[in-house]
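These protein sequence lines map, in sequence, to chains A and B.
Mapping to numbering that gives the first Met the number 0: the first sequence position 246 is 245, numbers consecutive.
Mapping to numbering that gives the first Met the number 0: the second sequence position 99 is 98, numbers consecutive.
Some hints could be false.
[Unchecked claim] From the structure, some residues in chain A lie toward chain B, with a derived Cβ separation under 10 angstroms:
id : residue
1  : Y46
2  : D52
3  : A113
4  : A123
5  : L217
6  : G219
[Unchecked claim] Non-contacting residues of chain A with respect to chain B, defined by C-beta distances greater than 12 angstroms in every case (computed):
id : residue
7  : N24
8  : S51
9  : R79
10 : F120
11 : V125
12 : S138
13 : L166
14 : A231
15 : G234
16 : V236
17 : H242
18 : D268
The set of hints was computed from the structure by calculation and includes no laboratory data.
The model shown is predicted, which means the values in this text are computed figures rather than measured ones.
Ideal Cβ positions, reconstructed from N, Cα and C, are used throughout, including at glycine.
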Amino acid sequence: MAQTETPRLSSYRHRLPVRISHWVNAACLLILLMSGLQIFNAHSALYWGAASDFDAPWLSIGAVRGTDGLQGRTEILGHRLDTSGFLGTSGDATNPERRAFPAWLTIPGPRWLAMGRRWHFFFAWVLVINAMLYLIWSSASGHLRELTPTRRDWRGFGRSLLDHLLLRHPSGSAATRYNILQKLAYLTVIFGLGTLIVLTGLCMSPRMDTVLQPLLELFGGRQSARSLHFLAAMGFVLFVAVHLFEVIVTGPWNNLRSMITGRYDYRADPPPQQQFKREETDAEP
Amino acid sequence: MPNPERRRLVKSLLILGGAALGGCDRLSRSDRFVRFLESAEHLNGTLQPALTGPGALAREYTAADISPVFRANGQTDPDNPAYRQLAQNRFADYQLQIGGLVNKPQRLSLAELRALPARTQITRHDCVEGWSAIGQWTGARLGPLLERVQPQPNARYVVFHCADLWGRAQTPYYESIGMEDAHHPQTLLAYDLNGTPLPIANGAPLRLRVERQLGYKMAKYIMAIELVESFAQIQGGKGGYWEDRGYEWYAGI
């Protein structure tokens, strides 16, 4: 590529507060997911409405005794799947354990609801406090503006989507700024999924429900809130999967280092025969 | 990136991840770390009541919302000879004992309990496991009953001693609540479920309803009520059967 001839440059891509909150988030999300699956395992079925209609969960993970021993069975929206070894039954293949999510996906590993709750509620606070500090800093420092899509971003939406699907990624100085899909993904996760998961979590508390009635109503009742909480967690899993994929395909070392030290290496933009207009608002310090 | 390097990265990440997860289980067994995690529970137990206020009512539902079957959890038929005998007689000989830090200890029969100021409410029961059921409860309000026995000024907790025996040691179930919850208008000693006498599976003849907390607080098969200043000397000292086994005393979440 022609770019190899342009000089190597280095930019300070992520400021310290972003880096700290990123890693606190990463740890919290992992712990909350795994302790959340431990809590889910205590009653591995999800319902819609205020109360549980035990005959009609929309998702249930269990085990049945079949002709060849214990089988994991997942039922989702009326579809019955054999998920032996992963969901419903897992562990030792000859003598599997009956549990919804396997031990390697839960905190703690063994069935231990009380301890799972301890981890979950502690790190829920860490996540919420971290999010608050991040939002305060982002609004004050102008970081939130960097995440706000510009009109120019919107015009490039289709092209950016196509580029992402074809694994063509921004290079040169464009790689030091958030692109439209990144902006939308981060804003959706922070304000959409983040808000949803905190509020549905709060709505599962019988004490908080005394004052959160309208919100609980909006979610469709306590069991709906539990379902939405689970789905929001799966939304986070999806986000993290895509995020890690993008980190790997756009240069894992460089990306990882920029989230640790802040420094990101890139190649200078090609000389002006290919006109590239810079937008003032997009300039990174 | 060269392949060996990538393999090394993946391998070290897996090892690191494995160590971190093994570490979670080790940390879960460390008293100091568990106390550290518990700090969040103290925060919840302070902040939630402060935010919602002492008198906030749990939502009450309509008859149409009542669950067709009210799921019974924990023990459903206590294997306790004294209890069995009472049950055989349809609890005609049952007497609730109220004592501890009170000026007027009492023994009340079911008929006497039914004559006390009562309340009927259709509420949602949330189990710590995650499921919910809606039922209509009728029972004696705990607040007026406490006024009758005249708690002493140093009484801070109401402890419920139950007939269901647990584990190899045959430990009786017990629970405790604070005075704020005890005087809450929806806190009942329930004797009816959905308009009929409480079934044995759901805690006959008497079970607690503390609607703003999780199911394990709502002790079934109540035999005696004791007012205490501290529950540190009762069984495991954490204020309840499940609390002694790691669950939170404040079960509002």
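Point to revise | Non-interface claim for A:R79, where every Cβ of chain B lies beyond 12 angstroms | key: A:R79 clear of chain B: closest Cβ-Cβ about 21 angstroms, beyond 12 angstroms.
Exercise for review: Mind verifying the non-interface call on A:G234? Its CB should be farther than 12 angstroms from each CB in chain B.
Suggested key: For A:G234, whose nearest Cβ neighbour in chain B is about 19 angstroms away, the distance exceeds 12 angstroms, so it holds.
Point to revise | Non-interface claim for A:V125 versus chain B (Cβ beyond 12 angstroms) | key: violated, 9 angstroms
Review point. Beyond 12 angstroms from every Cβ of chain B: is that where the Cβ of A:V236 lies?
Key: The claim holds: A:V236 sits with its nearest Cβ about 15 angstroms from chain B, beyond 12 angstroms.
Exercise for review: Report holds or violated for the interface hint on A:A113, using the least CB-CB distance to chain B and a cut-off of 10 angstroms.
Suggested key: holds, 3 angstroms
**Study point:** Hint check: 10 angstroms Cβ-Cβ cutoff, A:L217 to chain B
**Key:** With Cβ-Cβ at 14 angstroms, over 10 angstroms, it is violated.
Point to revise | Closest CB of chain B to the CB of A:F120 still more than 12 angstroms away | key: About 5 angstroms separates A:F120 from the closest Cβ of chain B, which leaves it inside 12 angstroms; violated.
Check your understanding: Against chain B, is A:D52 within 10 angstroms by beta-carbon distance?
Key -> holds, 8 angstroms
Review point. Would A:N24 pass as off the interface with chain B, using Cβ distances and a cut of 12 angstroms?
Key: The claim holds: A:N24 sits with its nearest Cβ about 16 angstroms from chain B, beyond 12 angstroms.
Practice item. Compute the least Cβ-Cβ separation between A:H242 and chain B, then decide whether it is above 12 angstroms. Key: A:H242 is indeed farther than 12 angstroms from all Cβ atoms of chain B, at 15 angstroms.
Review point. Taking the closest pair, is the beta carbon of A:D268 still more than 12 angstroms from chain B?
Key: Given that every Cβ of chain B is farther than 12 angstroms from that of A:D268, nearest at about 24 angstroms, it holds.
Practice item. Evaluate the condition: distance from the CB of A:S138 to the nearest CB of chain B exceeds 12 angstroms. Key: At about 24 angstroms from chain B, A:S138 clears the 12 angstroms cut-off, so the statement holds.
Checked against the numbered hints listed earlier, the structure breaks hints 5, 6, 8, 10 and 11; every other hint is satisfied.
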